[in-house]
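Trainee: Turn these sequences into a full structure, and let the hints steer you where they fit.
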Amino acid sequence: MEKLKVLRGMVDLMPEQTLVWQKIESTARKHFKRAVVNEIRTPLLEATELFARGIGEATDVVGKEMYTFMDKGNRSCTLRPEGTASVVRASIQNGLIAQRSQRLWYSGPMFRYERPQAGRQRQFHQIGLEFLGFEHPRSDVEAITLAWDLLNELGLKGLSLEINSLGDTTDRLCYRKILVDWLRSHQEELDTDSQNRLETNPLRILDSKNPTTSELLKRAPTLNDALSIESLKRFRTVENELNNLGIPFEVNPLLVRGLDYYNHTAFEIKSDQLGAQSTICGGGRYDGLVEQLGGSSTPAIGWAIGMERLVMLLSTKQDPITHSKPQFYVVNKGDKAESFSLIVARMLRLNKHIVELDLTRAAFNKQLKRADRSGARWAILIGDNEAIEGEVILKDLRSSSKESSNDERTTLQILLKRFH
RNA sequence: GCGGGCGUCGCCAAGUGGUUAAGGCAGCGGCUUGUGGCGCCGCUAUUCGGGGGUUCGAAUCCCCUCGCUCGCCCCA
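At position 161 of the first sequence (counting the first as 1) the number is 150 in the working numbering, and the numbers step up by one without a gap.
It is worth saying that the hints were derived from the structure and are not from the lab. You may find that some hints are simply not true.
Only pairs whose alpha carbons sit at most 30 angstroms apart, straight line, appear in this in silico DSSO-like list of lysine-lysine [stated by the list, open to error]: (1) K207 with K166; (2) K22 with K207; (3) K259 with K22; (4) K53 with K198; (5) K222 with K207; (6) K355 with K341; (7) K22 with K355; (8) K259 with K19; (9) K53 with K259; (10) K222 with K166; (11) K61 with K19; (12) K259 with K222; (13) K341 with K314; (14) K341 with K259; (15) K19 with K341; (16) K325 with K341; (17) K53 with K19; (18) K314 with K19; (19) K358 with K325; (20) K314 with K259; (21) K53 with K166.
Mentor: As structure tokens, then:
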């Protein structure tokens, strides 16, 4: 029979790995709580239309990377490739923005049909933040700060922040025209991918990794040159406030984000310790999206962190997180003992102790061997004799004494009397 | 979708044409019928991702295929 395996690009997380994930999740939860950012959870599955309209038909994500299928009602459904569109949809639908501004965060799996490689799976996980209804550039700065501080709180080193301004819609259209005109005059020097993008998504050409193209782009007109006074002023405010906070950053005029909805501030946080996929956080302002998805005009900014990439960074660190070891390991042999051991283990757990119960019915010495390996401090030995008397033998596995007369033993006997 | 590397037991791994596919870890059983850590003994791949082919003979050579992995594209 053929072996069953996970789908390509999907990953099983084994017990030793889930510890790192739990740490990230709990750190993030606490971090957001301190900034009064509330959690939102939306479905993994949405109408295809949402992403097509929200993210943009011309993007790679929508064009070739979505998990899309027809359901039994003949509706086109898509496994969410990112979180922002869903959060905006949910906020509009539930009247969240109509009431007041919102600070939201989410975490969970996203799906993109791509070739897997280091730091990129088909099912991957993001922690994201969305500020809805905040217009002032200070909200950009707070959003960025929350990303930066979260990553630092997790103990990551070698991070760098890059920011850029894409301007408002008018700026972008204006620049788009300037750029396309300029690139047309150098069309022969462009790689084929970039030539295609001239039609579909010219701004994406800016962060092409093709060497000759990127060389050419050094001479191209920059986005900054096309910014209006207001947009420029806005961008300066972001820069100044980041400086005030002492958060180091660099302006990267070639930074363009892959999704259509961004305007004004765009940013990425990269790590120097990852492979080719070095961006661990990406985000920006998306003032037009809410309206585009049917809500009232609402300014917004957000970001997303790639959890797999975080995990890669945290797993290479020196101090590994380890599983909690049992305090008690219950060894039992014999029919009455087996029955009684269930009671003893339960009783200890009800009193907040960590207890591993041996369920194998193996020989005493085998069970003790396992007790030793489990890392438990105490072994509780139960045979039929003990079970009949309602007693147990407590053994300290660190010393070699058979029984010990300290507090643990006393506590145990008191508890036993109560439950027997 | 396109390139490079790799695929031998649950894990790590030797073996690169010749009768039985090393070894280590883990697991199981025993020495020790109710007392661990150490030690010793034994057991655990009719089979080398799958399918064809070459050969007297293949894990080892060839072809195809699948999977993993790294990179391109793109993105978190």
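Trainee: All the hints need checking, so say for each whether the structure fits it.
Mentor: Consistency of the hints with the structure:
1. Proximity of K207 to K166 is assessed by CA-CA distance (about 18 angstroms); at most 30 angstroms being required, the pair is judged to hold.
2. Annotation: proposed proximity of K22 to K207 is violated, straight-line Cα distance about 43 angstroms (limit 30 angstroms).
3. Annotation: proposed proximity of K259 to K22 holds, straight-line Cα distance about 25 angstroms (limit 30 angstroms).
4. A hinted pair counts as satisfied when its Cα atoms are at most 30 angstroms apart, and K53 with K198 qualifies at roughly 20 angstroms.
5. Of the supplied pair hints, the one linking K222 and K207 holds, its CA atoms being roughly 24 angstroms apart against a limit of 30 angstroms.
6. Pair hint K355 plus K341 holds up; C-alpha atoms about 27 angstroms apart against a cutoff of 30 angstroms.
7. Between K22 and K355, the direct Cα distance comes to roughly 48 angstroms. Violation of the 30 angstroms bound is thereby established for this hinted pair.
8. Restraint check for K259 and K19: the C-alpha separation of about 23 angstroms stays at or below 30 angstroms, so the hint holds.
9. For a cut-off of 30 angstroms, the pair hint linking K53 to K259 stands: about 25 angstroms separates their Cα positions.
10. For the suggested pair K222 and K166, the alpha carbons sit about 22 angstroms apart, so the restraint of at most 30 angstroms is met.
11. Of the supplied pair hints, the one linking K61 and K19 is violated, its CA atoms being roughly 41 angstroms apart against a limit of 30 angstroms.
12. Proposed proximity of K259 and K222 is supported: the alpha carbons are some 26 angstroms apart, at most 30 angstroms.
13. This hinted pair checks out: K341 and K314 have alpha carbons roughly 14 angstroms apart, not beyond 30 angstroms.
14. Between K341 and K259 the CA atoms are separated by roughly 42 angstroms; this puts the pair beyond 30 angstroms, and the hint is violated.
15. With a CA separation close to 24 angstroms, the supplied pair K19 and K341 stays within the 30 angstroms bound.
16. Restraint check: the Cα-Cα separation between K325 and K341 comes to about 25 angstroms, which is no more than 30 angstroms; the hinted pair holds.
17. Distance check on the hinted pair: K53 and K19 sit about 37 angstroms apart at the alpha-carbon level, beyond 30 angstroms; violated.
18. Of the pairs offered as hints, the one joining K314 and K19 holds, with about 25 angstroms between alpha carbons and a cut-off of 30 angstroms not exceeded.
19. Distance hint between K358 and K325 is fulfilled; the C-alpha atoms sit about 22 angstroms from each other, no more than 30 angstroms.
20. For a cut-off of 30 angstroms, the pair hint linking K314 to K259 is broken: about 36 angstroms separates their Cα positions.
21. Restraint check for K53 and K166: satisfied, since their Cα atoms lie roughly 26 angstroms apart, inside the 30 angstroms limit.
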